[in-house]
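Chemist: So the chains spell out like this:
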Amino acid sequence: MVDPKMRSVEKRVEVSYSWEEVASSPAFRRLIEGKKRFLVPAVVFFLLYYFLLPSFAGWAKSLMAVKVSGAINFGYVFALSQFVMVWGLAWLYVRKANHFDRMAEEVAQEVKGGGE
Amino acid sequence: MNSAFILFGIIVLITLAITYWASRRTRTTSEFYAAGRSLTGWQNGLAISGDYMSAASFLGISGMIALSGYDGFMYSVGWLVAYLTVLLIVAEPLRNSGKYTMADVVSFRFSPAPVRSMAALSTLVISTFYMIAQMVGAGGLIHLLLGLDYTMAILIIGVLMVLYVVFGGMLATTWVQIVKAVLLMGGTIVISFLVLMNFHFSVGEMFQAVVDKYGPSYLEPGLRFKNPIDQISLGLALVLGTAGLPHILIRFYTVPTAKEARKSVVWATVIIGAFYLMTTFLGFGAAALVGKNEILKLDKGGNMAAPLLAQHLGGDFLMAFIAAVAFATILAVVAGLTIAASSAFAHDFYSNVIRRGQATESEQVRVARYTSLVVGVAAIALGILARNWNVAYMVALAFAVAASANVPVLIFSLFWKRFNTAGAVTGMAVGLISSLVLVFISPAVMDAKSAIFPLQNPGVVSIPLGFLAAWLGTYVQPAEKDSHRRFAELFVRSQTGIGAE
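Note that the protein sequences, when read in sequence, are chains U and H. Following the numbering used here, the residues of the first sequence are numbered contiguously, the last one being 116. Following the numbering used here, the residues of the second sequence are numbered contiguously, the last one being 617.
Each hint should be verified, as a subset may be incorrect.
What the hints assert, rightly or not - Straight-line C-alpha distance at most 27 Å; calculated BS3-like pairs for lysine-lysine: (1) Lys112(U) <-> Lys36(U); (2) Lys36(U) <-> Lys215(H); (3) Lys416(H) <-> Lys329(H); (4) Lys533(H) <-> Lys35(U); (5) Lys375(H) <-> Lys36(U); (6) Lys408(H) <-> Lys67(U); (7) Lys375(H) <-> Lys35(U); (8) Lys329(H) <-> Lys67(U); (9) Lys215(H) <-> Lys375(H); (10) Lys533(H) <-> Lys413(H); (11) Lys112(U) <-> Lys35(U); (12) Lys565(H) <-> Lys61(U); (13) Lys342(H) <-> Lys67(U); (14) Lys96(U) <-> Lys375(H); (15) Lys112(U) <-> Lys215(H).
Hints listed in this document are in silico derivations from the structure and should not be mistaken for laboratory results. All figures in this text were calculated on a predicted structure; none of them were measured in a lab.
My request is simple: use the sequences and hints to build the entire structure.
Modeler: Below, the structure written as structure tokens:
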């Protein structure tokens, strides 16, 4: 079942125009800039945060062994914080992505307008 | 043991009923490879979870946590963080610009024959590695529970998975994965609850029991991984590898839009995360309540920790239930792998390379079905040959190959304008060959003393090599004619969804 909205997008494509023109259009550039501003720092952050785990596990064993509460140590709490990090970042991205969807829709509108 | 037979039988009947239902709805290539793009984000999220939480996650990780404590849990973390790579980098562009396989995207800008052939090859290799791990888990499990011969067990799994895929295609495979995800989450919640009940619902008390039995080192890193570089290497393979796993990537084509693809990854992240949190209870529960020696007695890889824990907590019936769930897990995952492998061969190699896009719909579906049959037979044979390995560990190697061969080329294709055919082919070839060779000369395959390559996991070397080869290969060949226009088209389409099917 293809979304009826997608069908109409498909039709727009049949209109002849240059992809390079779309790629350099202001609406598309805005979309890409917006995505870059969010995605590049997000990817760098989660990779760095994740690789702290094996790095600490390898080179900072005494830090990992520090007791936090009863038998539970810092290493365990830090591993759990990774779960929170993943869910938090996923949630943040979904909020941002709704915004990107609207910007993508603007690009599609522009393509339609330009082709006719 | 009778209850085990009955529960296994019920699961087999349910999945065969699904296959029968799906087989009547599977005629076109889009239906066979992509379930007619009819799934919602939520359904696909469950199916991705079902596809991903394999025997490696369920049996392998619980065993690894039971035997090596903290180091086992690090697998859980890496496997979850991997979903950020999928969510942020590949899922939506892939859905926007491809039809059925990763190669659709990678070959979009380039000369299709060499790129598709290479991508099909890497998909087949990765799926095979992954599949062997599942088969080994299945064989051991059924042998343990039903007393059936290991070979017989592998035959049963192999025949069932071929039935699902040949007759039911992606739709049957998806629903088998959804049913299994629900069963697995249910079973894991029940065991976790019972484990916690044993410790008066205090996680601290459970950890204390483990420390009392095995000492504080059990909750600290270092029991399994002695070499920090090895850990980084494994982490890299886990975090990047998921984004290159063919059976996960094809799941994004079963939804109609990029927005649904995104929703499905988010749902998968929630479900998989919750599951991996509970692996703590499975693993430490098994260590504290069943004991290491008992686990090792049955299986050196530790793969039987979860079923043994179930038996300890709920007797033979719960053990039979958990074993039946593990069996469903393996069926679902091997079916997903079979479909990934057969789409790679039938869609990428047969239809687009051999027949140059001239094959009719029915011919393509027929070839895809034959391919599934061949893949099934190969999986049975290889499953019989490989035994006594920890399944989580073998799957981690498949991740390393995926991260080295597929991920660099996928990322460059989507985001780098200058990238070309030569770069794509050399990137995939070097990533594939280097990761495989490094595995074969590592302590994973050779014995620890004579191993030429010191690390357990090749990722830290082979992933950068994959990127480097893709980059260097690009400069061997001048920029391709039309390449700017084709990049502009792929880039606009992948980022906006304009023209997506």
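Chemist: Against each hint, give a clear statement of whether it holds in the structure.
Modeler: For each hint, the structure was consulted:
1. With a CA separation close to 25 Å, the supplied pair Lys112(U) and Lys36(U) stays within the 27 Å bound.
2. As the CA atoms of Lys36(U) and Lys215(H) are separated by approximately 25 Å, the hinted pair is consistent with the 27 Å bound.
3. Only pairs whose Cα atoms come within 27 Å are accepted, and Lys416(H) paired with Lys329(H) is accepted, the gap being roughly 20 Å.
4. Restraint check for Lys533(H) and Lys35(U): satisfied, since their Cα atoms lie roughly 17 Å apart, inside the 27 Å limit.
5. As the CA atoms of Lys375(H) and Lys36(U) are separated by approximately 18 Å, the hinted pair is consistent with the 27 Å bound.
6. With a C-alpha separation of about 24 Å, the suggested pair Lys408(H) and Lys67(U) falls inside the 27 Å cut-off, and the hint holds.
7. With a C-alpha separation of about 15 Å, the suggested pairing of Lys375(H) with Lys35(U) holds against the 27 Å cut-off.
8. Between the alpha carbons of Lys329(H) and Lys67(U) the distance comes to roughly 18 Å, so the proposed pair stays at or under 27 Å and holds.
9. Distance hint between Lys215(H) and Lys375(H) is fulfilled; the C-alpha atoms sit about 16 Å from each other, no more than 27 Å.
10. Between the alpha carbons of Lys533(H) and Lys413(H) the distance comes to roughly 56 Å, so the proposed pair goes past 27 Å and is violated.
11. Distance hint between Lys112(U) and Lys35(U) is fulfilled; the C-alpha atoms sit about 22 Å from each other, no more than 27 Å.
12. For the proposed pair Lys565(H) and Lys61(U), the alpha carbon gap of about 26 Å is at most 27 Å, so the pair holds.
13. The hinted pair formed by Lys342(H) and Lys67(U) meets the criterion: a straight-line CA distance of about 22 Å does not exceed 27 Å.
14. Simply put, Lys96(U) and Lys375(H) have alpha-carbon atoms about 12 Å apart, close enough for the 27 Å limit, and the pair holds.
15. For the suggested pair Lys112(U) and Lys215(H), the alpha carbons sit about 23 Å apart, so the restraint of at most 27 Å is met.
The structure shown violates just one earlier hint, number 10.
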